[in-house]
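Asker: One-letter residues, chain by chain:
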Amino acid sequence: MEIAQIATIASKEFWDRIRNRWVLAVALVFTAFALVIAYFGAAQQGSVGFRSIDITIASLVSLVIYLIPLIALVLGFDAIVGERERGSLDLLLSMPITRLELLLGKYFGLAAALAFSTIAGFGLVAIVLSAKLDLNALFHYAGFMLSSVLLGCAFLSLAVMLSVFAADRTRASGLAIATWFFFVLVFDLLLLGTLVVTGGQWGGELLPYLLLANPADVFRILNIFSLDDVRVLYGLATVFPRALAAPWLLGLVMLAWIVVPLAIASWRFRK
Amino acid sequence: MANTSRTPNDAGAPLIVAQGVRKHYGAIQAVDGVDLHIRSGELFGLIGHNGAGKSTLFKMMLGLVPATAGEIRIGGALVTGRDFRAVRRTVGYLPENVVLYDNLTGLETLWFFARLKGVSPAEAAPALERVGLAHAARRRVREYSKGMRQRLGFAQALLGKPRILFLDEPTTGLDPEAIRGFYAMLRQLRSEGVTTVITSHILAEIQERVDRIAIMTAGKIQACGTVQDLRDQVDLPLWFSVRVSEADFEAVRAALSHLPVDAIEAHDDQVRVRCRREAKMAVIEALARLDGRVRDLTVREPSLEDVFFGFSD
Chain A
1 MEIAQIATIA SKEFWDRIRN RWVLAVALVF TAFALVIAYF GAAQQGSVGF
51 RSIDITIASL VSLVIYLIPL IALVLGFDAI VGERERGSLD LLLSMPITRL
101 ELLLGKYFGL AAALAFSTIA GFGLVAIVLS AKLDLNALFH YAGFMLSSVL
151 LGCAFLSLAV MLSVFAADRT RASGLAIATW FFFVLVFDLL LLGTLVVTGG
201 QWGGELLPYL LLANPADVFR ILNIFSLDDV RVLYGLATVF PRALAAPWLL
251 GLVMLAWIVV PLAIASWRFR K
Chain B
1 MANTSRTPND AGAPLIVAQG VRKHYGAIQA VDGVDLHIRS GELFGLIGHN
51 GAGKSTLFKM MLGLVPATAG EIRIGGALVT GRDFRAVRRT VGYLPENVVL
101 YDNLTGLETL WFFARLKGVS PAEAAPALER VGLAHAARRR VREYSKGMRQ
151 RLGFAQALLG KPRILFLDEP TTGLDPEAIR GFYAMLRQLR SEGVTTVITS
201 HILAEIQERV DRIAIMTAGK IQACGTVQDL RDQVDLPLWF SVRVSEADFE
251 AVRAALSHLP VDAIEAHDDQ VRVRCRREAK MAVIEALARL DGRVRDLTVR
301 EPSLEDVFFG FSD
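Read top to bottom, the protein sequences are chains A and B. Anchor point for the first sequence: position 143 equals 143 in the working numbering, and the numbering is continuous, going up by one each time. Anchor point for the second sequence: position 92 equals 92 in the working numbering, and the numbering is continuous, going up by one each time.
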């Protein structure tokens, strides 16, 4: 494997997103949402202004869990199929580059753009709030940013996989939207529905493991378990065994969510 | 780095060799047993209907599609083998209907491909100049016309001074003047020792411009050779147009009556004569004996298109 070839593809993808202001737009969206949530998140309770980092992170988690998977899927769905459709895939593959190098270059370049806008967007908010945050709060917030990046990377990996399998861009976009619906909206409902219908007979034991089968849930658990104030607010989180909630373990699960779709994409791309 | 230095005695040696090449997609035989030798320094045309398998063969020669059976070597090395990077650095490719990146400038496009090819970015500007795009180097590809995009794609193929160019329908979107300039550039490259493999739908365009042609139908090479070789093989009739006054029509008929002529038709001020190739010289001699009565004479050889349909029908 030649790292230089991966870097060439990755840097093109990254700078494309910088130049067309994609990174800037996404970072601004994150900053705006985070500031609004930090200052007005407690408006329902009749007060305005920044209160606690735990509450802010909890609200941000609920937002990010919808937003980041969507952004990552939109970013990555045409990575390969787009090149194929415009006829430039054959040209790229006629270069002294392997298919794996091309795939990884695409992934790393897009992941860097997503990570950069996530960190810039939420990081700006951390700077604005820094006067009100102690070290512990900053640590939690950094954990939230890191897990947001991982969440984005996991869904980006799924998007790139779809873009290898899809026959054309239209179908790839359809698959991307279906993926978002499934993991973000349907998955938890299905689990809960199964629990309720079977009166907890089926799936109760398995539930924590089934949650790991969804990167969005992994992200939620990663953030909520670290926040004592918030853990009790979440029904699902209370049935989750502490042992499974170790950040390093959840981090590994997230990594698997990044590596496995990419590995499947690479296998398919070589055929 | 591309190796462009060639010793005179390897001119004409096979550079691209395909042996027993097959490609199946399920039950479909896209390429069905192709043997092909393309010589060093040759301008080689590959023609065929859509779906005849020429695009697949093209991609197999580039190493983009693995063969189901058989092998393809460039300069002795397998195109999909261990040395594929070295092979690809000697090759330039222009895919059919390629859409390059709209958001990059012409120069940035070439920098990107130069980096991938392991070529100095300093080659980008001269490559643009060679295809006549120096003035648009810093404009975004979005603003390029179709012809300019095609030339940019060609400049990309020239990066790294390749020994071999694979050009798939390269003149699509070019106006007649640009097409002429394009083939002039190919001849210039040939004189520098570059081997070119080209496909085109416009047979009239390539028939006088390539050294040899392969005709592909249903995954097989039906014929391969110079345009004249192919004419000989398919043995199509020739047409003579003889301009004479109406009063001399019968004299022409009489002069040709003893010759193996297939048809004689009279139109306005000319007689059209169809005959086999073997009779060509005898017909010319018979007409010459008519002294000043023949005002003009043209011989129409079967075109590449006629030859092509002769093989593929």
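Quick caveat, the hints were computed from the structure, so don't treat them as lab data. Any given hint might turn out to be false.
[As the list claims (entries may be wrong)] Sample of chain A residues with no beta-carbon within 12 angstroms of chain B, all distances over it, derived:
1. LEU93
2. ASP134
3. PHE187
4. TYR209
[Said to hold, decoys possible] Partial pick of chain A residues on the chain B-facing surface, computed with a CB cut under 7 angstroms:
5. THR8
6. LYS12
7. THR31
8. ARG86
9. SER88
10. ASP90
11. MET95
[Said to hold, decoys possible] Simulated pairs of lysine-lysine, DSBU-like, Cα-Cα distance not exceeding 30 angstroms:
12. LYS220/B x LYS271/A
13. LYS161/B x LYS12/A
14. LYS280/B x LYS12/A
15. LYS271/A x LYS12/A
16. LYS146/B x LYS161/B
We put the CB at the ideal spot given by N, CA and C, even for glycine.
Asker: Would the pair LYS220/B and LYS271/A pass a check requiring their Cα atoms to be no farther apart than 30 angstroms?
Answerer: OK: LYS220/B and LYS271/A at ~24 angstroms, within 30 angstroms.
Asker: Was the hint right that SER88/A lines chain B, CB cutoff 7 angstroms?
Answerer: 6 angstroms, holds
Asker: Hint validation: LYS12/A versus chain B, beta carbon distance must be below 7 angstroms. Holds or violated?
Answerer: Holds - the Cβ of LYS12/A comes within 7 angstroms of chain B, reaching about 6 angstroms at its closest.
Asker: Grab the minimum beta-carbon distance between LEU93/A and chain B and tell me whether it stays above 12 angstroms.
Answerer: 5 angstroms, violated
Asker: When you check the alpha-carbon spacing of LYS161/B and LYS12/A, does it fall within 30 angstroms?
Answerer: With a Cα-Cα distance of about 23 angstroms, the restraint between LYS161/B and LYS12/A holds, given a limit of 30 angstroms.
Asker: Just want to verify: PHE187/A was marked as not at the interface with chain B; is every Cβ pair farther apart than 12 angstroms?
Answerer: About 36 angstroms separates PHE187/A from the closest Cβ of chain B, which puts it past 12 angstroms; holds.
Asker: Are all beta-carbon distances from ASP134/A to chain B longer than 12 angstroms?
Answerer: Answer for ASP134/A: holds, closest chain B Cβ roughly 44 angstroms.
Asker: Please check whether ASP90/A passes as an interface residue: C-beta within 7 angstroms of a C-beta belonging to chain B.
Answerer: It holds, given that the least Cβ distance between ASP90/A and chain B is near 5 angstroms, below 7 angstroms.
Asker: Hint validation: THR8/A versus chain B, beta carbon distance must be below 7 angstroms. Holds or violated?
Answerer: With a minimum Cβ separation of about 5 angstroms from chain B (threshold 7 angstroms), the hint on THR8/A holds.
Asker: Is the Cβ of TYR209/A more than 12 angstroms away from each Cβ in chain B?
Answerer: 39 angstroms, holds
Asker: Please verify that hint: ARG86/A, Cβ, nearest Cβ of chain B, below 7 angstroms or not.
Answerer: Constraint on ARG86/A satisfied, holds at 4 angstroms.
Asker: For the hint on THR31/A, does the least C-beta distance to chain B fall short of 7 angstroms?
Answerer: Since the shortest Cβ distance to chain B is 25 angstroms, the answer is violated.
Checked against the numbered hints listed earlier, the structure breaks hints 1, 7 and 14; every other hint is satisfied.
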